[in-house]
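Undergrad: Keeping their order, the protein sequence lines are chains D and R. Terminal number for the first sequence in my numbering: 370, no gaps in between. Terminal number for the second sequence in my numbering: 433, no gaps in between.
I should point out that these hints are in silico values taken from the structure, not numbers from a laboratory. Where hints are given, some of them may not hold.
Pair by pair, the computed Cβ-Cβ distance ranges are [said to hold, decoys possible]:
(1) 300/D with 320/R: 46 to 54 angstroms
(2) 268/D with 275/R: 26 to 34 angstroms
(3) 334/D with 57/R: 45 to 53 angstroms
(4) 47/R with 334/D: 37 to 45 angstroms
Quick list of in silico lysine-lysine cross-link-like pairs, DSSO-like style, CA-CA up to 27 angstroms [to be verified]:
(5) 332/R with 353/R
(6) 410/R with 332/R
(7) 92/R with 352/D
(8) 388/R with 331/R
(9) 352/D with 410/R
(10) 388/R with 410/R
(11) 332/R with 92/R
(12) 388/R with 360/R
(13) 352/D with 388/R
(14) 92/R with 410/R
(15) 410/R with 310/D
(16) 353/R with 388/R
Note that CB positions come from ideal geometry on N, CA and C, so glycine has one too.
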Amino acid sequence: MADDEVTTADESDDEAAPEEASPEEAAPEAAVAEEPEVAEEPEPAPAPPEVEKLHGVPVSYSRGQTVLHPSREEYADLVGTLRDQGYWMCIDLCGVDYLTANAQRTLPATVSPERFEVVVGLLNMTERSRLRIRVQVPAADPTVPTISKIHPGAENPEREAYDLFGIRFDGHPDLTRILMPDDWEGHPLRKDYSVGSIPVQFKEAPTVR
Amino acid sequence: MTATDISVLNSALERLNADESVLRLSETEAEARSGYQPTADDSEPERMIMNMGPQHPSTHGVLRLVLELEGETIRRSKPVIGYLHTGMEKTGENLTYLQGPTNVTRMDYVSPLFTELAFSMATEALLGIEVPERGQWIRMLMTEVNRISSHLLFLATNGMDLGAVGMMIYGWREREETLRFLEAVTGLRMNHNYIRPGGVAADLPGGWEDELTALIDVIPGRLEEFDLLMTGQPIWRGRLQGVGVITAEEAISLGTTGPILRSTGFAWDLRREQPYLYYDQMDFDVIVGTFGDCYDRYAIRLQEIRESIRIIRQIMERMPEGDYKVQDKKVTPPPRARIDESMEALIHHFKIYTEGYKVPEGEVYVAVESPRGELGCYMVSDGEGKPYRMHIREPSFVNLQTLPHLMKDSFLADTVAIISSVDPIMGGVDR
């Protein structure tokens, strides 16, 4: 591709500021297909063993962000311990369905991939740092313990994950649908839930009179 | 800033878990049980379940509240949401990264540029591209203007909800002036689709400085009028002070961010704490309150408009020349003029707009400070041209969880003040 023009010509932009001919116009970029380089940040102490651990669970780094991979059994305890260590806020919780993913996930060697994942973001407000927790949840038994007793703010995000993915949160005080109607069938954000041409379900509208 | 320690946080958590301010009723149960609840004996006062909304002028769209009342006092409550749910996260999985901002901009329609920004920054983090300096400064400028328009809308609706109906007209007028600038730059008043992965859609138009200067010169004077109209007024203070109180520890436990958290005295603003774009070079104050009540939340938002104007002035001084979008040909389509001359450019343009570009596999979470708090985007790519999973952490959605706690044991008349001070945008809540 020979289009190395860097001007900002835009057909609708008549009154744009008079543009000086870009000096870099003539510089033909040879490296068009440059490999995007990952912005790497210094990882805290890259340990030599194959399965690196942080807070007692396997850890990986994704685009400079720290990701913990506890098992379902370790998960709630880990969130509790981390809260005592300064990760006061559960900033985000969502589900992911990896049913149709093309690429293999990069997980630590000891973590075996499952269909669902629950992804939790934790925020340390004194150190201003973040941690992400990814819990593998098998399709046969999509259940994880709730963390809404530790972080009440996770209550609605957990309901959302239940509503849209069908992941059940054990011990949740009010595990009902939150975005979809109560009587909706299926979990829309699952990858095997088809898009379009589905019968529209509405609640049976009760007559007033 | 209060030094929160873990013991205080734990006692707040115990309080939240014990005080039963959330009404655990499903939608259908609430419908079935609405009306008076006869008690078995007369020892306890009668309680009534009442539905407020979704069609109610003061619920900011389609928020429905199920309230358990004892006389005129709210004992327990529950926000019921989903009336505006259109499955935008699912839609996002079927759109290319270039089309993505068109989708996410419709989530929080009052501050659309922030959602676009979070989406674009997440995509860029996955791609590993760096946006040119001017592009970043334009993003900062535009989001600050958007913050002003969002807070002006809050002032308008907050006034309207509390009976200061004149304020609705004034807030709307100022907001419209702000939107006029956004329209001049992006072409649309709302749903801009302006911030895109790789930069912004178009350069700032000629004469933008004059237009923006005229805007930010006029707004401070108007803010003083608002001060006269509301801030010092005894009725206004009486309606808001001491209403809907929350502590910093409760707010943290509930995952609350933005003006609600700052109203408790906890200075947490991502622009300061985890700076993105060039906020680390900006000189501005993080506005905090003291009492965590509706009045503090009102005053914080009013004051934040002034801080945004301060930031805008600094940006205008320092706006650099250069590219406004990345010149990586994998991401950026060729300029329109090239298409008439070069067939390769035409093919390139066609491919980018139909197939999109492939994004390396991985997952990333990026957060920005929207007018309502932390707005995050969790994006998973499996190496294809569309996001495998695109989750937006909407501050409105999370902040709504504070409502039952803010409203517990307050009067029914205060619900409107409290909903308004949380400033939920239902498009963002329901997505």
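Undergrad: Compare the structure with each hint and give your call.
TA: Each hint tested on the structure:
1. One distance hint, 46 to 54 angstroms for the beta-carbon pair residue 300/D and residue 320/R, holds here, with the actual separation near 53 angstroms.
2. Roughly 30 angstroms separates the CB atoms of residue 268/D and residue 275/R, a value that falls within the hinted 26 to 34 angstroms.
3. Checking the proposed 45 to 53 angstroms range against residue 334/D and residue 57/R shows it is violated: the Cβ atoms sit about 28 angstroms from each other.
4. In this structure the supplied range 37 to 45 angstroms is violated for residue 47/R paired with residue 334/D, their Cβ-Cβ distance being about 25 angstroms.
5. With a C-alpha separation of about 10 angstroms, the suggested pair residue 332/R and residue 353/R falls inside the 27 angstroms cut-off, and the hint holds.
6. With a CA separation close to 54 angstroms, the supplied pair residue 410/R and residue 332/R exceeds the 27 angstroms bound.
7. A threshold of 27 angstroms between alpha carbons decides the hint, and for residue 92/R with residue 352/D the separation of about 9 angstroms falls inside it, so the pair holds.
8. For the hint pairing residue 388/R with residue 331/R, the CA-to-CA distance comes to about 18 angstroms; that is within 27 angstroms, so the pair holds.
9. With a CA separation close to 40 angstroms, the supplied pair residue 352/D and residue 410/R exceeds the 27 angstroms bound.
10. The suggested pairing of residue 388/R with residue 410/R is violated, with an alpha-carbon distance near 44 angstroms, which exceeds 27 angstroms.
11. A C-alpha spacing of about 25 angstroms is found between residue 332/R and residue 92/R, which places the hinted pair at or below 27 angstroms, so the restraint holds.
12. With a CA separation close to 8 angstroms, the supplied pair residue 388/R and residue 360/R stays within the 27 angstroms bound.
13. Of the pairs offered as hints, the one joining residue 352/D and residue 388/R holds, with about 14 angstroms between alpha carbons and a cut-off of 27 angstroms not exceeded.
14. For the proposed pair residue 92/R and residue 410/R, the alpha carbon gap of about 35 angstroms is over 27 angstroms, so the pair is violated.
15. A hinted pair counts as satisfied when its Cα atoms are at most 27 angstroms apart, and residue 410/R with residue 310/D qualifies at roughly 19 angstroms.
16. The hinted pair formed by residue 353/R and residue 388/R meets the criterion: a straight-line CA distance of about 14 angstroms does not exceed 27 angstroms.
Comparing the model with each numbered hint stated earlier shows that hints 3, 4, 6, 9, 10, 14 do not hold.
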